[in-house]
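**Q** Chain residues, written in single-letter form:
Number of protein chains: 2
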Amino acid sequence: MNEKKNEKITSREVDFAKWYTDVCKAADLVDYSSVKGSMIIRPYGYAIWENIVAILDKKFKETGHQNVQMPMFIPESLFNIEKEHVEGFAPEVAWVTQGGKEELEERMIVRPTSEVLFCEHFKKIIKSYRDLPLLYNQWCTIVRWEKETRPFLRSREILWQEGHTMHATAEEAKEETLRMLGVYRDLQENFLAIPVIVGKKTEKEKFAGAEASYTIEAMMWDGIALQNGTSHYFGNGFAKAFGIQFLNKNNELETPYQTSWGVTTRMIGSIIMVHGDDHGLVLPPNIAPTKVAIIPIGEVEETVDSLTKELSEKEISYMVDRTDKSPGFKFAEAEVKGYPIRLEVGKRDLENGEVTIVRRDTLEKQKVAKEKAVSTILELLPVIQKEMLERARVRRDSMIYEASTYEEFLDHTRKHNGFIKTRWCGDEACELKIKEDTTYKSRCIIREVEDGKCVCCGKDAKYEIYFGKQY
Amino acid sequence: MNEKKNEKITSREVDFAKWYTDVCKAADLVDYSSVKGSMIIRPYGYAIWENIVAILDKKFKETGHQNVQMPMFIPESLFNIEKEHVEGFAPEVAWVTQGGKEELEERMIVRPTSEVLFCEHFKKIIKSYRDLPLLYNQWCTIVRWEKETRPFLRSREILWQEGHTMHATAEEAKEETLRMLGVYRDLQENFLAIPVIVGKKTEKEKFAGAEASYTIEAMMWDGIALQNGTSHYFGNGFAKAFGIQFLNKNNELETPYQTSWGVTTRMIGSIIMVHGDDHGLVLPPNIAPTKVAIIPIGEVEETVDSLTKELSEKEISYMVDRTDKSPGFKFAEAEVKGYPIRLEVGKRDLENGEVTIVRRDTLEKQKVAKEKAVSTILELLPVIQKEMLERARVRRDSMIYEASTYEEFLDHTRKHNGFIKTRWCGDEACELKIKEDTTYKSRCIIREVEDGKCVCCGKDAKYEIYFGKQY
Chain A
-17 MNEKKNEKIT SREVDFAKWY TDVCKAADLV DYSSVKGSMI IRPYGYAIWE NIVAILDKKF
43 KETGHQNVQM PMFIPESLFN IEKEHVEGFA PEVAWVTQGG KEELEERMIV RPTSEVLFCE
103 HFKKIIKSYR DLPLLYNQWC TIVRWEKETR PFLRSREILW QEGHTMHATA EEAKEETLRM
163 LGVYRDLQEN FLAIPVIVGK KTEKEKFAGA EASYTIEAMM WDGIALQNGT SHYFGNGFAK
223 AFGIQFLNKN NELETPYQTS WGVTTRMIGS IIMVHGDDHG LVLPPNIAPT KVAIIPIGEV
283 EETVDSLTKE LSEKEISYMV DRTDKSPGFK FAEAEVKGYP IRLEVGKRDL ENGEVTIVRR
343 DTLEKQKVAK EKAVSTILEL LPVIQKEMLE RARVRRDSMI YEASTYEEFL DHTRKHNGFI
403 KTRWCGDEAC ELKIKEDTTY KSRCIIREVE DGKCVCCGKD AKYEIYFGKQ Y
Chain B
-17 MNEKKNEKIT SREVDFAKWY TDVCKAADLV DYSSVKGSMI IRPYGYAIWE NIVAILDKKF
43 KETGHQNVQM PMFIPESLFN IEKEHVEGFA PEVAWVTQGG KEELEERMIV RPTSEVLFCE
103 HFKKIIKSYR DLPLLYNQWC TIVRWEKETR PFLRSREILW QEGHTMHATA EEAKEETLRM
163 LGVYRDLQEN FLAIPVIVGK KTEKEKFAGA EASYTIEAMM WDGIALQNGT SHYFGNGFAK
223 AFGIQFLNKN NELETPYQTS WGVTTRMIGS IIMVHGDDHG LVLPPNIAPT KVAIIPIGEV
283 EETVDSLTKE LSEKEISYMV DRTDKSPGFK FAEAEVKGYP IRLEVGKRDL ENGEVTIVRR
343 DTLEKQKVAK EKAVSTILEL LPVIQKEMLE RARVRRDSMI YEASTYEEFL DHTRKHNGFI
403 KTRWCGDEAC ELKIKEDTTY KSRCIIREVE DGKCVCCGKD AKYEIYFGKQ Y
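Chains as they are written, first to last, in this note's numbering: chain A, -17 to 453; chain B, -17 to 453.
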């Protein structure tokens, strides 16, 4: 086992925030530039995003969605059509005011999200019930003028997808909202190995202009929440503001119902912060761009060639570190990069016909006959995937605390990070008080309840709810 | 045959520009919005782009390139580092001057291209000869503040890819420049069925900051050129301006050599303008999102089901028009959309066990036994692909004219659109005079010559060159 600390990486226990940025840099995921608040996503980081895109894009298409591309600019007057929406976004947008040598007649924002662009288009193309449901998605970049930024988590520029759909009935739109939340959950749990809590945002935390916002909340290694995807039911507020109408089967005009939903490169941040350790990144096999790192030690080209041939046949991605660095250095590099499996092919081992397989998630080593290396890897990959999810779930669950009194609530916030599962009356005043007293925000409402008392005011509770600190 | 003119589409002969925008709209490729100069790429148009992306991305990766993502903004001071580059782009960029409520200390441009961002990054990550070649590509959106815009051809916002590579030697960089031009040529000829002329841009027409720019030039149906892709050799001008250096094998500092190359959604414009006709779009099978449009006529569900099952098994994409429109209307719609093959499944034909197959490119009809429908389609698709390229080549070649005197040159420009193949001394004054007299610009230099005279000044010619009008 390579127990030596990686010198490029601060320990998680010492400074989690520093650990995080160290891993982002050391694993070659991102770099900085003179563009403040934006990041360069380097090939290894971008390859993770490409895998996420491929998985989701397939799921979106299977569920009947089509990709489109809207302009990246929004004229101020168009953006102003839906009031709540404007108020929510205005403080954090970038403004284009000049084109070529000329001052623009109307200034434009760089899209922070594209609801208004989709609505303007929908008004033109939706005429009849035959045009519904209209199921669109867009892969693009958005801009939000954040003051404090961190790679993947909070950046002025974000890669994301935004689904925008229109439906004949409220019920169908609500179903879509939850369907896509389910797609996100599947991605997170079965590919990213991140257990998530699915729920509804409070009125205070919901998306600007939405009637209901749903969220999937992940917990990072340090007990702090990351909102890892949202899905919004808009009712027909935007549709009314934009005058979108369709003729139903009885030839009567109706207003359609709308959803939008999105996930971003922030998910890469959550992969890092859920699974990473002091050696660096740990990637779940189902999302890792490279599943196996082969480290040749000595003159072992023949064996490496036959192994890579076999890996290719089985469609297992690999890299071979043929640099002139020392084995120890190469091991450390493979650990920093989080390749799920390290395959050490050493001259001495080969004398016994063996190679060494090291799991990145547990750092467990085993020697196997070289003929069994690839079949062992094939067996290990799904085991690693499953155990990473389970390990993350166990850790997450160990940091979910319950509170039935405000004293208990405060006590938890003083003792440890984590989610606090409790009950709430539904009153925004209590939500605000909790935030003021503890910095904890509501994560999501899990269910409606008819018993119990609000943890803050002691009145009858309406909801079971999670609170937590957030990135 | 459906000989009736599509009423939504102006005839090519009457007004080619109007025909073009009519097809873009009628085939549901694009829509307009209140964002002036930008287009909405609708699902059908975007699906063509997705196919292009998939083909190129695979080729880029096969040739060792990795995808990255740079910021979309460029601070003014960073953009100003390479002089010629700034001068080339400054008149046509969009400026972000405000973020949130605050005026920016340094205004930023929305990237019109990303050379300077890549160079700043390369300076940080290139240290040694071991880091070279560095082969990067980026899929993204760029902005150029055009005054007059047309869907796909000239838009304020453009989807594209930009390759950026660094090499230890000038020779390797030049090889890369031509290799990627070859990749583009393969895409255009073998997938888009567009014959191209490959050559070098003159000093006047080359990319701002490049040492040599290569181009692939396509000719549209009306004889006007479209530059369908460029590949630039930069020498080490940018690298010097940015102070990029590497240690060679002898531990000496050297400056690396650079390339960049790109293609855009403009290629979709060329597909339309090379192959389209008065019935609408005509898509080459190798790029068509949907290869077969099935039109059921009467109660024929059973046959349609068995045909779609067979098409799925053979992985041939199809759509079935089950709307309640009339057959004639559906035929016209399938033609507008340019599906390579229309498969009419009619009750009357089925009494004889037959279905009707119509080629979109020639509008030729044939009846075949329904059992042979799918095998016939499988045979037809590559034939259509090949014949579309040949037909485009024949038309293109018929509009390449030769001129050895200026009188001949002027005569061609007065009589017909097209390319003029001629000889040139290499003097910019002649190039400018030709442009002034005729609006014809140099398209590309084909080769150096040691005989013949310049078509303009009569001095010794240095180059064989094409001139033409351009989109």
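Honestly, the hints are just simulated from the structure, not real lab data.
Careful, some of the hints might be misleading.
The list makes no distinction among identical chains, and a pair is therefore deemed to hold if it is satisfied within one copy or across any two copies.
[Said to hold, decoys possible] Keeping only pairs whose Cα atoms sit at most 20 Å apart, straight-line, the calculated SDA-like set for lysine to any residue is:
1) K441 x L116
2) K83 x E69
3) K451 x Q227
4) K43 x E32
**Q** Confirm or reject each hint.
**A** Verification of the hints:
no.: 1; hint: K441 x L116; in the structure: neither (43 Å within a copy, 64 Å between copies)
no.: 2; hint: K83 x E69; in the structure: between (31 Å within a copy, 13 Å between copies)
no.: 3; hint: K451 x Q227; in the structure: neither (42 Å within a copy, 45 Å between copies)
no.: 4; hint: K43 x E32; in the structure: both (16 Å within a copy, 13 Å between copies)
Going through the hint list in order, the structure does not satisfy hints 1 and 3.
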